[in-house]
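What follows is each chain in one-letter form.
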Amino acid sequence: MNNNPQSDNVLEIRDLSIAYEPGKYAVNGVTASVKRNSITAIMGPSGCGKSTLLRAMNRMHELYPNIETKGDILLDGKSIFSMSVIELRRKVGMVFQRPNPFPNMTIYENVVAGFSLNDIRLKKSQRDEIVENALRNVTLWDEVKESLYRKGTFLSGGQQQRLCVARAIAFNPEVLLLDEPTSALDPIATSKIEDLLGELKKKYTLVLVTHNMSQAARISDDSMFMYLGELVESGRTGTLFTTPKDPRTEAYLTGKFG
Amino acid sequence: MSGDRVTKALLFISSLTILLLSAGIVVSLFGGAVPAFREFGLRFITSSSWNPTAGSEQYGAMSFIAGTVITSILALIICIPMAFSTSLFIAEYYRGTRTAGILRSLVDLLAGIPSIVYGFWGFYALRPLLVATGLTDQGFGVFTASLVLAIMIVPYATSLSAEIISMVPAELKEAAYSLGATRREVIFSVVIPSARSGIIASFILALGRALGETMAVTMLIGNANVIPKGLFAPGNTMASVIANQFGEASGLKMSALIAIGLLLFLITALVNYLGKLIIKRFA
Numbered sequence: 001m002n003n004n005p006q007s008d009n010v011l012e013i014r015d016l017s018i019a020y021e022p023g024k025y026a027v028n029g030v031t032a033s034v035k036r037n038s039i040t041a042i043m044g045p046s047g048c049g050k051s052t053l054l055r056a057m058n059r060m061h062e063l064y065p066n067i068e069t070k071g072d073i074l075l076d077g078k079s080i081f082s083m084s085v086i087e088l089r090r091k092v093g094m095v096f097q098r099p100n101p102f103p104n105m106t107i108y109e110n111v112v113a114g115f116s117l118n119d120i121r122l123k124k125s126q127r128d129e130i131v132e133n134a135l136r137n138v139t140l141w142d143e144v145k146e147s148l149y150r151k152g153t154f155l156s157g158g159q160q161q162r163l164c165v166a167r168a169i170a171f172n173p174e175v176l177l178l179d180e181p182t183s184a185l186d187p188i189a190t191s192k193i194e195d196l197l198g199e200l201k202k203k204y205t206l207v208l209v210t211h212n213m214s215q216a217a218r219i220s221d222d223s224m225f226m227y228l229g230e231l232v233e234s235g236r237t238g239t240l241f242t243t244p245k246d247p248r249t250e251a252y253l254t255g256k257f258g
Numbered sequence: 259m260s261g262d263r264v265t266k267a268l269l270f271i272s273s274l275t276i277l278l279l280s281a282g283i284v285v286s287l288f289g290g291a292v293p294a295f296r297e298f299g300l301r302f303i304t305s306s307s308w309n310p311t312a313g314s315e316q317y318g319a320m321s322f323i324a325g326t327v328i329t330s331i332l333a334l335i336i337c338i339p340m341a342f343s344t345s346l347f348i349a350e351y352y353r354g355t356r357t358a359g360i361l362r363s364l365v366d367l368l369a370g371i372p373s374i375v376y377g378f379w380g381f382y383a384l385r386p387l388l389v390a391t392g393l394t395d396q397g398f399g400v401f402t403a404s405l406v407l408a409i410m411i412v413p414y415a416t417s418l419s420a421e422i423i424s425m426v427p428a429e430l431k432e433a434a435y436s437l438g439a440t441r442r443e444v445i446f447s448v449v450i451p452s453a454r455s456g457i458i459a460s461f462i463l464a465l466g467r468a469l470g471e472t473m474a475v476t477m478l479i480g481n482a483n484v485i486p487k488g489l490f491a492p493g494n495t496m497a498s499v500i501a502n503q504f505g506e507a508s509g510l511k512m513s514a515l516i517a518i519g520l521l522l523f524l525i526t527a528l529v530n531y532l533g534k535l536i537i538k539r540f541a
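Read top to bottom, the protein sequences are chains X and W. The first sequence begins at 1 in my numbering and counts up by one. The second sequence begins at 259 in my numbering and counts up by one.
Accuracy of the hints is not assured; some may be wrong.
The following residues of chain X were derived to be distant from chain W, with all beta-carbon distances above 12 Å [said to hold, decoys possible]:
no.: 1; residue: Ala26
no.: 2; residue: Met105
no.: 3; residue: Thr139
no.: 4; residue: Gly158
no.: 5; residue: Pro187
no.: 6; residue: Met213
no.: 7; residue: Arg236
With a straight-line Cα cutoff of 20 Å, these simulated PhoX-like cross-link-like pairs (lysine-lysine) come out [unchecked claim]:
no.: 8; chain 1: X; residue 1: Lys203; chain 2: X; residue 2: Lys192
no.: 9; chain 1: X; residue 1: Lys201; chain 2: X; residue 2: Lys91
no.: 10; chain 1: X; residue 1: Lys202; chain 2: X; residue 2: Lys192
no.: 11; chain 1: X; residue 1: Lys78; chain 2: X; residue 2: Lys35
no.: 12; chain 1: W; residue 1: Lys431; chain 2: X; residue 2: Lys91
no.: 13; chain 1: X; residue 1: Lys151; chain 2: W; residue 2: Lys431
Hints in this document: simulated from the structure, not taken from any laboratory. For glycine and all other residues, C-beta sits at the position ideal for the given N, C-alpha and C.
Whenever a hint applies, use it, and build me the whole structure from the sequences.
Shown next as structure tokens:
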């Protein structure tokens, strides 16, 4: 799966700046890296640019022509801007803030949506296997195996979100981007997703945007703290939480703002 | 508290006025139509004879019902490809761009042109073109009327469909893009399926407008009180016959015209109700 299994870093972000309007940078000169098979949390108060940074990693900003991106992001040493966006998005999956299963598709169709949307034709047996594996990986199989051919919208929020994770990993991506995946969920559903992420990092590299500090502390291996578009500090989560180097990080962690 | 009560009373009175007005219109239509239905019974709907000669008066609405239904459906068929592609262009492909903004304003502008102006344009500009094709002698008839009718309903169908298409949540489209889908795949697999019922409803509402459209059709359809014999043959519609003949009508003929008005009202109400039902069912 990996072209370069020796390399520790899956993603290298180099001097990345993103502006929604000319001159107004939501992300400003960020340089950072993401380690393989780990969970990297991006934290910070609302509007700090953490989601903007995340959405650059699968070139989501290109859907909105006014957004300007400078700098580079390397995936396994190769610039993501030099590959086809379709190839990139198959390698870098995404889970969104609010569960967004396709309402016109059944649970089964949702899981294989990545294939059907790309006109990749599979045998029924292959599809069945992908659906079962993906749903088992997100611990949803036992809950939905009787209702695979029903629309995904009758599921609870937490189940829908796990379905969306299943949809994203059905392609077997290298990296999974998660944009505040639990912010719309109740505590029980949240803890299920958190347990799931702990399992998923064995196979994938996860980048998690969260404004929930305790979530970052609980499940991430590395953390980045962003403030006003800048990457203030990054490092091992344990170190960053116990001995922050920057006074702004400390202020955020002790609840002085955010 | 008392201000609250006054507001409530005022709102109640205005709502009641609307209710009474619509009830009044229905009651007077029914009342006026009674003599025609008493004279001809159900034959008034099924018969296509229209003979105002005193002594042997015969009135039937079928030629007008046929004219209305044929021109409206033909207009809808012509309208669908134009409105559908324009709404996709405005609300999806060029969403948020200047081009889409200009196009949207033009569509709104088209919606604001009075019916009589469309009729005039059809009469002086479009009709000679059709005559030049050799398909028709004078250019009056079902096809000319339908063509202008189609142009008239395109703006309604377009702006309603565009509204519905732009309401498809960005997060659904982003989900599809994040799975590596191309723009075309997103549009055909996510946007259109999500907006399908709304798009259908907007065409049904456009059909409702076509059914009742009067002036432009009157100027172009040829006003022959027969079931049209072909695409380029003249005919007449329910709205047109009322507009053309109510001035010199009295007695049984007046009642027949009112009865046609009642039928038109019922058909239009049914079509609009159907459109709203679809929106409600799937929205």
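Q.
Minimum C-beta separation from X/Met213 to chain W exceeding 12 Å: can you confirm that?
A. holds, 25 Å
Q: Say whether it holds or is violated: X/Met105 keeps its Cβ farther than 12 Å from all Cβ of chain W.
A: violated, 8 Å
Q. Are all C-beta atoms of chain W more than 12 Å from that of X/Gly158?
A. Since the minimum Cβ distance to chain W is about 17 Å, X/Gly158 lies beyond 12 Å and the statement holds.
Q: For the pair we were handed, X/Lys78 and X/Lys35, check the Cα-Cα distance against 20 Å.
A: holds, 15 Å
Q: Below or equal to 20 Å on CA atoms is what counts here, so check X/Lys203 against X/Lys192.
A: OK: X/Lys203 and X/Lys192 at ~18 Å, within 20 Å.
Q. So is X/Pro187 really clear of chain W, every C-beta pair being over 12 Å apart?
A. Correct as stated: the minimum Cβ-Cβ distance to chain W is 23 Å, above 12 Å.
Q: Report holds if the minimum CB distance from X/Ala26 to chain W is greater than 12 Å, and violated otherwise.
A: X/Ala26 is indeed farther than 12 Å from all Cβ atoms of chain W, at 17 Å.
(Q) Run the distance test for X/Lys202 versus X/Lys192: straight-line Cα separation, threshold 20 Å. (A) Between X/Lys202 and X/Lys192 the Cα gap is close to 17 Å, so the pair holds against 20 Å.
Q.
Would the hint linking X/Lys151 and W/Lys431 be met if the CA-CA limit is 20 Å?
A. holds, 18 Å
**Q.** Assertion that X/Thr139 lies farther than 12 Å from chain W (Cβ)
**A.** holds, 21 Å
Q) Quick one, are X/Lys201 and X/Lys91 close enough, alpha carbons at most 20 Å? A) Roughly 15 Å separates the two Cα atoms, so the pair holds.
Q.
Checking one constraint from the list: CA of W/Lys431 to CA of X/Lys91, max 20 Å. Satisfied?
A. Holds. W/Lys431 to X/Lys91 sits at ~18 Å (cutoff 20 Å).
When the structure is compared with the earlier hints, a violation turns up for hint 2 alone.
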